[in-house]
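Engineer: Here is what each chain is made of, one letter per residue.
There are 2 protein chains.
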Amino acid sequence: MTQHDPYPSRRDNRPAVLERREPVLHAGADAAGPLSRDQLERFERDGFLVVENVLTEGEVAALIDELELLRASFEGREDPVAIAEPESGELRSVFMVHQINQAYRRLAHHPNIMDVARQILADEVYIHQSRINLKPGFKGKEFYWHSDFETWHVEDGMPAMRAVSATLPLTENTHYNGPLMLVPGSHRRFVSCIGETPEDNYKRSLRKQETGTPDNETLKALVDAGGIEAPLVQPGSMLLFDCNTMHGSASNITPFPRSNVFFVYNAVSNQVTSPFGGRRPRPEFVATRETMSPLDPRSR
Amino acid sequence: MTQHDPYPSRRDNRPAVLERREPVLHAGADAAGPLSRDQLERFERDGFLVVENVLTEGEVAALIDELELLRASFEGREDPVAIAEPESGELRSVFMVHQINQAYRRLAHHPNIMDVARQILADEVYIHQSRINLKPGFKGKEFYWHSDFETWHVEDGMPAMRAVSATLPLTENTHYNGPLMLVPGSHRRFVSCIGETPEDNYKRSLRKQETGTPDNETLKALVDAGGIEAPLVQPGSMLLFDCNTMHGSASNITPFPRSNVFFVYNAVSNQVTSPFGGRRPRPEFVATRETMSPLDPRSR
Numbered sequence: 001m002t003q004h005d006p007y008p009s010r011r012d013n014r015p016a017v018l019e020r021r022e023p024v025l026h027a028g029a030d031a032a033g034p035l036s037r038d039q040l041e042r043f044e045r046d047g048f049l050v051v052e053n054v055l056t057e058g059e060v061a062a063l064i065d066e067l068e069l070l071r072a073s074f075e076g077r078e079d080p081v082a083i084a085e086p087e088s089g090e091l092r093s094v095f096m097v098h099q100i101n102q103a104y105r106r107l108a109h110h111p112n113i114m115d116v117a118r119q120i121l122a123d124e125v126y127i128h129q130s131r132i133n134l135k136p137g138f139k140g141k142e143f144y145w146h147s148d149f150e151t152w153h154v155e156d157g158m159p160a161m162r163a164v165s166a167t168l169p170l171t172e173n174t175h176y177n178g179p180l181m182l183v184p185g186s187h188r189r190f191v192s193c194i195g196e197t198p199e200d201n202y203k204r205s206l207r208k209q210e211t212g213t214p215d216n217e218t219l220k221a222l223v224d225a226g227g228i229e230a231p232l233v234q235p236g237s238m239l240l241f242d243c244n245t246m247h248g249s250a251s252n253i254t255p256f257p258r259s260n261v262f263f264v265y266n267a268v269s270n271q272v273t274s275p276f277g278g279r280r281p282r283p284e285f286v287a288t289r290e291t292m293s294p295l296d297p298r299s300r
Numbered sequence: 001m002t003q004h005d006p007y008p009s010r011r012d013n014r015p016a017v018l019e020r021r022e023p024v025l026h027a028g029a030d031a032a033g034p035l036s037r038d039q040l041e042r043f044e045r046d047g048f049l050v051v052e053n054v055l056t057e058g059e060v061a062a063l064i065d066e067l068e069l070l071r072a073s074f075e076g077r078e079d080p081v082a083i084a085e086p087e088s089g090e091l092r093s094v095f096m097v098h099q100i101n102q103a104y105r106r107l108a109h110h111p112n113i114m115d116v117a118r119q120i121l122a123d124e125v126y127i128h129q130s131r132i133n134l135k136p137g138f139k140g141k142e143f144y145w146h147s148d149f150e151t152w153h154v155e156d157g158m159p160a161m162r163a164v165s166a167t168l169p170l171t172e173n174t175h176y177n178g179p180l181m182l183v184p185g186s187h188r189r190f191v192s193c194i195g196e197t198p199e200d201n202y203k204r205s206l207r208k209q210e211t212g213t214p215d216n217e218t219l220k221a222l223v224d225a226g227g228i229e230a231p232l233v234q235p236g237s238m239l240l241f242d243c244n245t246m247h248g249s250a251s252n253i254t255p256f257p258r259s260n261v262f263f264v265y266n267a268v269s270n271q272v273t274s275p276f277g278g279r280r281p282r283p284e285f286v287a288t289r290e291t292m293s294p295l296d297p298r299s300r
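In the order they appear, the protein sequences are chains Z and W. Heads up, the first sequence is in the numbering used here, so the first residue is 1 and it goes up one at a time. Heads up, the second sequence is in the numbering used here, so the first residue is 1 and it goes up one at a time.
Since the hints were derived computationally from the structure, they do not count as laboratory data. Note that the structure is a prediction, hence the values are computed from the model and not measured. Yeah, the Cβ is synthetic: ideal placement off N, Cα and C, and Gly gets one too. All the given hints hold, so there is nothing to weed out.
Straight-line distance between alpha carbons at most 27 Å, and here's what the computed DSS-like set of lysine-lysine pairs gives: (1) 220(Z) - 139(W); (2) 139(Z) - 139(W); (3) 139(Z) - 220(W).
Quick list of the computed label-pair ranges, beta carbon to beta carbon: (4) 34(W) - 195(Z): 48 to 58 Å; (5) 195(Z) - 293(W): 47 to 57 Å; (6) 278(W) - 56(Z): 51 to 61 Å.
Construct the entire structure; sequences and hints are all you get.
Structural biologist: So, in structure tokens, the structure goes:
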């Protein structure tokens, strides 16, 4: 039996743009939680929000120390959770950090982060994916424009737009070292992408995004409508963005690495099902199917 | 007989940093010409300078029209002066534009450009290389850090640091569409690069710079000392930079192309000789050896 798919993508050789079916704020702008009404309204309008003073300097320093331990632990061995840069071989991402490291596990439960996700999604939440992105200096590759939801829907089976991402920089972001760029307002449309998903696409797409990217014409229309913003979020602050906000980043040829922590909070009512693209699901470390029960605030 | 080489590069597997032998302002900061003493001093200090009000809006519009004619003229045929993007095949550069197009020929003789080069170099000048760079939107590739002089010395036989580049944007530059980044102060040192020059390197290096690039440690030291600047030069203005200023640009994934005109003015007393790298010279359209007589102001 064919699953009904409200957001078809990669099925046709013509792109399409569909209206978003779910709200952005699942309990509106009056929802109780860490964010003010004004912050919630900006998130709803733009599809992203910078929140300051989320972590103290000491908390950031401790996370950087843990990251160095993690990096050292992967040296000289292959591990599926550790993804390398295509050319240099340097560590690019570490997945499921909230499951393999106690400090990052506690970070995922931090009230300034997790409670914001609950406020926006109006539900208990679990971590669909977590990772540390390490964009090395000199040879850090670009990441082409994409909506995360498009991938999570097609490849992971996430039914609806009821997830939010939190990214917390561990290094200074400048205009020069490949900061995240976002298209304000792009979260209100679903861009149905052309082309098919190759089998085991994640092995390539975690290094270089090629499928699930918008066609030039649609991207240009989104940017003409909303522009491009690259908020220079600093360590201690957090960039929140909706699961469907179009984003990407240019290459980083500066000597300065760009590292950040990335948590995807999904509503428990939006647990993943069979991938809508019909392929077998991506592996557990990229998109969990085994640990979809709500995060417990007692783990803080 | 071996040529004496004051700036050896690509001869060793260890990098080296040498002091610059020539001045930056060849007749000092009192030289007569379009630039003020203050502008000359900033150029001397940083190795680059933004000069505003070089062209009128009408002049820029006319150049853009000519560029579209040029672009159309290359469609569907191969021409060595027209370089394509490695992946998309889109036009990336047109070389020797001042020889193949009358409007760009006159631009090279424009008093606001050519006379600035004469003021800095304290000599009559000729065009060592000219081109239009068209960094397409969506898929514009990065250009890694390099000193132009390093290439011109090793591959073209330019003896000394007595050349200056003028770049004039034809499109808006933003932080997002891969603007030129420069390292202030880097022009005072010569970074001797590691590795050898492959035969016919220009065929690759015009698309993607790989040889003649600084090692990570030296680049980091230059950036630690001088920082990185990406001046957002707008159409009508000009970015001047010394032949030895370290520069590069990140990829451009935005829908916005980044096009500019690029002229290299060399002092006639600094005409090229045999390439110091010992290979055969690059072709005429990349680095002239046939038209090294001074530009004549009557061609304006």
